[in-house]
Amino acid sequence: MEGKAFPKKIKKEEPTVIDSLNHLPRPNQNHASLAEHFSDLAPPLTDRQAVLEASRCLYCYDAPCVNACPSEIDIPSFIRNIHQENVQGAAQKILSANILGGSCARVCPTEILCQQACVRNNHQECAPVLIGLLQRYAVDHAEFQQHPFQRAASTGKRIAVVGAGPAGLSCAHRLAWHGHDVVIFEAREKAGGLNEYGIAKYKLVDDFAQREVDFVLQIGGIEIRHGQVLGDNLSLAELQQQFDAVFLGLGLNTVRQLGLASEGAPGMLAATEYIRELRQADDLTTLPVADRCIVLGAGNTAIDMAVQMARLGARDVNLVYRRGVEDMGATEHEQHIAKENQVRLLTWAQPEEVLLDDQGRVCGMRFARTHMCDGRLQPTGETFELAADAIFKAIGQAFDDSALSDSSGQQLARDGERIRVDEQLRTSLPGVYAGGDCTQLGQDLTVQAVQHGKLAAEAMHAHLMLNVEAA
Amino acid sequence: MADLSIEFAGIKAPNPFWLASAPPTDKAYNVVRAYQAGWGGVVWKTLGEDPAAVNVSSRYSAHYGVNREVMGINNIELITDRSLEINLREITQVKKDWPDRALIVSLMVPCVEESWKAILPLVEATGADGIELNFGCPHGMPERGMGAAVGQVPEYVEQVTRWCKTYCSLPVIVKLTPNITDIRQSARAAHRGGADAVSLINTINSITSVDLERMVANPIVGDMSTHGGYCGSAVKPIALNMVAEIARDPATHGLPICGIGGIGSWRDAAEFVALGCGAVQVCTAAMLHGFRIVDEMKDGLSRWMDSQGYRSLQEFQGRAVGHTTDWKYLDINYQVVAKIDQAACISCGRCHIACEDTSHQAIANLKQADGSHRYEVIDAECVGCNLCQITCPVQDCIEMVPQDTGKPFLDWLHDPRNPYREAS
Ligand SMILES: Cc1cc2nc3c(=O)[nH]c(=O)nc-3n(C[C@H](O)[C@H](O)[C@H](O)COP(=O)(O)OP(=O)(O)OC[C@H]3O[C@@H](n4cnc5c(N)ncnc54)[C@H](O)[C@@H]3O)c2cc1C
Ligand SMILES: Cc1cc2nc3c(=O)[nH]c(=O)nc-3n(C[C@H](O)[C@H](O)[C@H](O)COP(=O)(O)O)c2cc1C
Ligand code: SF4
Ligand code: SF4
Ligand code: SF4
Numbered sequence: 001m002e003g004k005a006f007p008k009k010i011k012k013e014e015p016t017v018i019d020s021l022n023h024l025p026r027p028n029q030n031h032a033s034l035a036e037h038f039s040d041l042a043p044p045l046t047d048r049q050a051v052l053e054a055s056r057c058l059y060c061y062d063a064p065c066v067n068a069c070p071s072e073i074d075i076p077s078f079i080r081n082i083h084q085e086n087v088q089g090a091a092q093k094i095l096s097a098n099i100l101g102g103s104c105a106r107v108c109p110t111e112i113l114c115q116q117a118c119v120r121n122n123h124q125e126c127a128p129v130l131i132g133l134l135q136r137y138a139v140d141h142a143e144f145q146q147h148p149f150q151r152a153a154s155t156g157k158r159i160a161v162v163g164a165g166p167a168g169l170s171c172a173h174r175l176a177w178h179g180h181d182v183v184i185f186e187a188r189e190k191a192g193g194l195n196e197y198g199i200a201k202y203k204l205v206d207d208f209a210q211r212e213v214d215f216v217l218q219i220g221g222i223e224i225r226h227g228q229v230l231g232d233n234l235s236l237a238e239l240q241q242q243f244d245a246v247f248l249g250l251g252l253n254t255v256r257q258l259g260l261a262s263e264g265a266p267g268m269l270a271a272t273e274y275i276r277e278l279r280q281a282d283d284l285t286t287l288p289v290a291d292r293c294i295v296l297g298a299g300n301t302a303i304d305m306a307v308q309m310a311r312l313g314a315r316d317v318n319l320v321y322r323r324g325v326e327d328m329g330a331t332e333h334e335q336h337i338a339k340e341n342q343v344r345l346l347t348w349a350q351p352e353e354v355l356l357d358d359q360g361r362v363c364g365m366r367f368a369r370t371h372m373c374d375g376r377l378q379p380t381g382e383t384f385e386l387a388a389d390a391i392f393k394a395i396g397q398a399f400d401d402s403a404l405s406d407s408s409g410q411q412l413a414r415d416g417e418r419i420r421v422d423e424q425l426r427t428s429l430p431g432v433y434a435g436g437d438c439t440q441l442g443q444d445l446t447v448q449a450v451q452h453g454k455l456a457a458e459a460m461h462a463h464l465m466l467n468v469e470a471a
Numbered sequence: 001m002a003d004l005s006i007e008f009a010g011i012k013a014p015n016p017f018w019l020a021s022a023p024p025t026d027k028a029y030n031v032v033r034a035y036q037a038g039w040g041g042v043v044w045k046t047l048g049e050d051p052a053a054v055n056v057s058s059r060y061s062a063h064y065g066v067n068r069e070v071m072g073i074n075n076i077e078l079i080t081d082r083s084l085e086i087n088l089r090e091i092t093q094v095k096k097d098w099p100d101r102a103l104i105v106s107l108m109v110p111c112v113e114e115s116w117k118a119i120l121p122l123v124e125a126t127g128a129d130g131i132e133l134n135f136g137c138p139h140g141m142p143e144r145g146m147g148a149a150v151g152q153v154p155e156y157v158e159q160v161t162r163w164c165k166t167y168c169s170l171p172v173i174v175k176l177t178p179n180i181t182d183i184r185q186s187a188r189a190a191h192r193g194g195a196d197a198v199s200l201i202n203t204i205n206s207i208t209s210v211d212l213e214r215m216v217a218n219p220i221v222g223d224m225s226t227h228g229g230y231c232g233s234a235v236k237p238i239a240l241n242m243v244a245e246i247a248r249d250p251a252t253h254g255l256p257i258c259g260i261g262g263i264g265s266w267r268d269a270a271e272f273v274a275l276g277c278g279a280v281q282v283c284t285a286a287m288l289h290g291f292r293i294v295d296e297m298k299d300g301l302s303r304w305m306d307s308q309g310y311r312s313l314q315e316f317q318g319r320a321v322g323h324t325t326d327w328k329y330l331d332i333n334y335q336v337v338a339k340i341d342q343a344a345c346i347s348c349g350r351c352h353i354a355c356e357d358t359s360h361q362a363i364a365n366l367k368q369a370d371g372s373h374r375y376e377v378i379d380a381e382c383v384g385c386n387l388c389q390i391t392c393p394v395q396d397c398i399e400m401v402p403q404d405t406g407k408p409f410l411d412w413l414h415d416p417r418n419p420y421r422e423a424s
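In order, the protein sequence lines correspond to chains R and D.
Everything in the first sequence is counted per my numbering, starting at 1 for the first residue and increasing by one.
Everything in the second sequence is counted per my numbering, starting at 1 for the first residue and increasing by one.
Hints in this document: simulated from the structure, not taken from any laboratory.
We put the beta carbon where it would ideally sit given N, CA and C, even for glycine.
Any given hint could be a false lead.
Stated by the list, open to error - Facing chain D, a subset of chain R residues (Cβ under 8 Å, in silico):
no., residue
1, LEU52
2, SER55
3, LEU58
4, CYS60
5, TYR61
6, ASP62
7, PRO64
8, ASN67
9, HIS83
10, VAL119
11, ASN122
12, HIS123
So that you can see chain D by itself, here it is in the shape it has in the complex (with noise of 0.2 Å):
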């Protein structure tokens, strides 16, 4: 079996996947069953100053598929609403019984110098492998000038890392928020701090959904509401985003990631991993079934790098991220085309009427002698663009037919229709 153990940032676990600061990390009650699980590590619940924060009743809302399976959850809860001593208390505990585990703990202080500088020893003492800063956390703190506030601003992300550095030995790992315009800035200005890796995402400024008796938006607290922070398998995109944009940017070449958001499964995973994380968090998959989806996770992420041959995560950590560009580099001359397999089709009509209105009008709906139809890509008219593959119900019955065009790799850069193409 393949060896998951990693060393992330200098901090070793036997597995790469953590729990992510949140409900499931909240205390040493959750922590240590989520060891017994066999979690890797975890960070527990963020840090911040007595006297502790105070939580609002509801607190959660949700954005449904058809199933009522749930895509996203957001949230209203701020950081720890428990005293920090005995959350210290509780850490060092934990950690001494549980050793080979990564024990990391979130903080999340005023953003001046003292604050930080009473805090940290504190922190060390308890044994902890590591610290991640909170920056992200959209709601609530913000306005007390915390969390998101400082995210937001690349300096103060910079120096309060500064003072982690500066205040404290154990490795420091920046948690992003992704409520910004370009993750990049906050990934570099840490990297400038000295941080030992970042972390991402955190939560994104969300709200799900609207009562429509009530006329108020979700959660309710009494007959109003606020935003959230949206987490859950429907932020995955963007966090797979954000990783691959600090993973292939050259400023910050080696800087450890740690891939949150959004994650349920071993692929979910391993993707990260792809795009160059070298370990991942999870909190709503967690909180929506309980500790125990690590087994599969483990499981299935061993068995799949057996499949593949890689012996340890290192072996593939990263391997997307070469295939990773921006669009003007992208090869003009390349040309997929969708074939159907006619054994395959349930003639559901689908593709056609997807191709037929909103797309190339490439699908022809062939009615036969028996009244049943056969559906036929019009291959000259086919642009290539997934859409037929996407919204068909039978998985592997379109598939996007690479072709043999004669042409020559061509980008737009030196695309002659392009008016500012560069010379060549």
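Pulled out of the complex, with its shape left as it was, chain R reads as follows (with noise of 0.2 Å):
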């Protein structure tokens, strides 16, 4: 494995953003002013703010907010604490359970979730105890003289974790916890995940990824090594044999394709792709901007994509959606977001036909009008055009095969085509575990993927240790 260090060939599935959409103009605002439409969309609470909201909790017995959340944060103890001034102490209660608490707070639709159910719902009050806001300020505010968790005495155990993103990255910090070594395996130049990559600029501002990273790493006992991809410089056979157990973070790395013709002319490409330059890029007046533009898709990706555009510049956002307002995934917070900043939604509308121009790059794309017929989407027989510089793609994510391509991989029973686990997060292979976005367990979201990786650890770490007991 070690005179593998580099990949053998660079992966390039969809054109880049450079390649696709270079054709097009940079946005005519400076960086300075372009940088507050990405600052935070949520501003963070004062302390007085802090002190006012976290009075209103009840202090629920059996809360049903913790209850809602993925994560199984303590809610009540951590908002008293906070009202308390024991801002420490609610940071830790907080990631304790969510070693990502900090990201978790900025980008949990927390409207359906824990906020969701706050018994401050109820009746004539209709104002949840805003539980997001107030985990953001413990675990911005709280200020450590040293890592909060101590590791336990060595186990001797060595554990591979494939995917540094919040499924890996909270199962390596649960396993260094309980005393075992972990070395993360990560495609990518950086950790993260889609913290780093995918999330939209405004809900996790500046550094803030690197950031949590560096804190988890603090714990000690976990190694990173960058350019390692599973499939490809790296198997899964190999990992089983080197280390005690495997746990699989990998997330969903390619996008579902339409099935047009000219799918990959200039000027379209999938809403990740553009997402994460804009995420790495330094000086956002070198972003291509296209003036009027179409977004495929209804789930929040979609949303951010559109809102992101919109905040670059663009005059002309269209989403469209092939079915109604009410099949959307994304929740009724995201298209409020949508809708304050422009963005035309156009329901049961069905990509036909790609348009190009004399140059080969798009300039619109044919809509098939759909209905419900017989409880089958259905065209209506109705098309119409829209004119755009480019098109986005947000029709979902999927999980990449190649990276299970060796004969161990082969072996992993799947779900669909994501990996089969159990409550355990086991996979079919002994000792090796999976889970985040790449398992078919929950919804596709960070908080969830924390707590498989913080499950997955827990179990590994129960199963390691009983063999040692027993011998």
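Assembling the complex is the task here: the two chains are given apart, and the hints tell you how they should meet.
Written out as structure tokens, the structure reads:
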């Protein structure tokens, strides 16, 4: 394995932004004013706001909010700590359940998680405690002299984690905490997974994702090796041989295709590709802007894409979805953000043809109007065209099979395309665990991935230590 | 609209809301503003012999609730720090300009007859409606043999009251200190001395908080502190009890009572009146919000009286006194049981954990199929303590329902379980 420090080939399934949109103009604002559009969507609470908000919490017993938090943070307890001016205690409580509590506080769709369950929604009140913002307040304001969690005595066990996204980082941290040594194998240059490369810039601003990674690694006992691609310069079989256990936190790395001709034409690309470039750009004025653009899809990724393009200065942003508003994956809160940013929503329209100009670049799209007929989505026969300088696909990410191409990988049982795991995050191969987006369990959310990583680590730890005692 | 005017111990006022002797009544400027705002009367900030008292800085500290609402204030101020002459001149002028409002002068001089004999005619000459004897200021003054020291010794209370009745024709109100064990002893002493009324309570000895960095209590003077006097809404329950104790004491039957302590709303005032008060005094609430609060107090009280059909204060004054008694006379067979209004319940679980951990394990936590919780009272286990109703955040969600036990009235004096019961 040491001999294969670099990938044999650079993967390039999709054209990069530069290739595909290079012909488009750059923003007509300077970097500073653009950057303002990408500052915190929800500004943090001030000290006074935090104390006031904390005092609204009823300190429920068997609290519904805790049951609704995928990572099971003890919400009433950390809020009570904030209120008693014990911010460190609050943060430690949060981080002990969710080591990425800082990013979850910013990216969690709280409106469908903890805050939806808050009892303060009831009756006339209709105003949940702002749990996400309080969580952010605690984690942001805590000042630890040293990492808040101390490692247990070394167990001598070595564990491989593939993928340094939320699932992998959470798993690695919990394992290190229990005294195991962890090596994370990560394909990309930076750790963090979609926290670094995918989340809307205005939700996770500046270098927060990297600072959080640094915080996680502070515990010690975790080594990250970059440029290590499972299914390329790394195989599952090797990892099984060399480590006591393996965790796969691979995420979803390919984008669904529409199946239309000219899908690779300049001006057409995956929303996640563009967002990645946007998040990595030091200078926002270098980004191509599609003044008129179409975003296909109806999930949060589609909204993120549309809103970010609008904030870069695009005047005509259309979100097109083949079904109705009520079927949209994006939460109401997200839809509201889209409206506030003048994103136009078109429903009941399905892509039919990519329209190209004489230079073979995207100049628009033809859609077929749809409706429900006998319980199935059907074209009505009517069509319309929408002019656009670029089309962004946000119709879903898919699991990248190539990671599991070796003999061991091929043996892994799947659920559809994703890796099958049980509730202890065990795959069908002994000693191999998986969690996060690459599995079929739960929702594709950061907080869910963190929980998977944590539970997998606990299960691995229990299993490995059981064998130790038996021996 | 109900008539709010009163005549208290011979003193007439357009309404029962008076400002207590304290900073709000320190000088003509404040008192005129108070009258303009509509207060029915004021008790002028306590006068003493010259030279005037000297105050320190800082002076106040507070006890806060969860939302930084002030529950109570603690102060280490003394009586007036202005000369007697200036105060008397201002009192004369103000009374002349505002003849329809009550103006009472609070006094504190050494516990010797000459001192009282000297000051009383000067006060009477101002045209003031009455005097209030400050035996209660719990800090600073007792060290000089005044204030609480006098108020804590019934014989002194009686003696000073008698001097006042001798050397002055004005109604004498004796202000009682709560820093004693049995408030009735002080009230009886005032009554024996010929007092026209008592007012209560003055402030309660207190330390509100400690600055844990500097390791000194608040308020801080240099790097030292001292105990002060506590007032504001937190003292209301203590004041109400002391008022009720006096109101139902046969020894002081009929003695007019002016209620003071934590009054900030019309409802607070109505409660003091229901327990026997003929007028009320306010200090902290005005200090926190300004004089304008009297507006809502007057409006709220008269509307509530209208809704109850009370035309004047006398019509409900003391109505709750007869329902206040000693524990031993309560009906041991009376039984209430908690009842949860499931439609109002928000499933916070507070009633359950309170009863489970600290009361009688009478609220079941029933996990529902959808993961939510339903809380149900186990009637047979409920002792009717009210704890669940108190901790429930939803108003009127838990009702304490009287049960028909079929048992007759029985008090502890006659209960067979009482080893010391009286033979019936
Ligand atoms: C555009 C977008 C916006 C989103 N917004 C939100 C949001 O607002 N809130 C929210 O809760 N969730 C959001 N999500 C979902 C969330 O980001 C994911 O659920 C979460 O990141 C999943 O974590 P993970 O660790 O499973 O996978 P990932 O974050 O995808 O991390 C996987 C890691 O594994 C590495 N890797 C992949 N394949 C290999 C390989 N073969 N070899 C080695 N390493 C490999 C990757 O480089 C990456 O670092 C969003 C997703 C997208 C795409
Ligand atoms: C700063 C301050 C100074 C006071 N000074 C006097 C005083 O000089 N004479 C007096 O009889 N009572 C004094 N009091 C007590 C008040 O008159 C009143 O009895 C007490 O504050 C309780 O009423 P409340 O709860 O409405 O404030 C003072 C109270 C405060 C807060
Ligand atoms: S449900 Fe709401 S009020 Fe209850 S503990 Fe959770 S945040 Fe607090
Ligand atoms: S009244 Fe007391 S005993 Fe009865 S249910 Fe409520 S808390 Fe429990
Ligand atoms: S305290 Fe009140 S609202 Fe909360 S569970 Fe009990 S009855 Fe319901």
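Q.
Which constraints among the numbered hints does this structure fail? Numbers only, ascending.
A. Nothing - there is no hint that the structure violates, so all of them hold.
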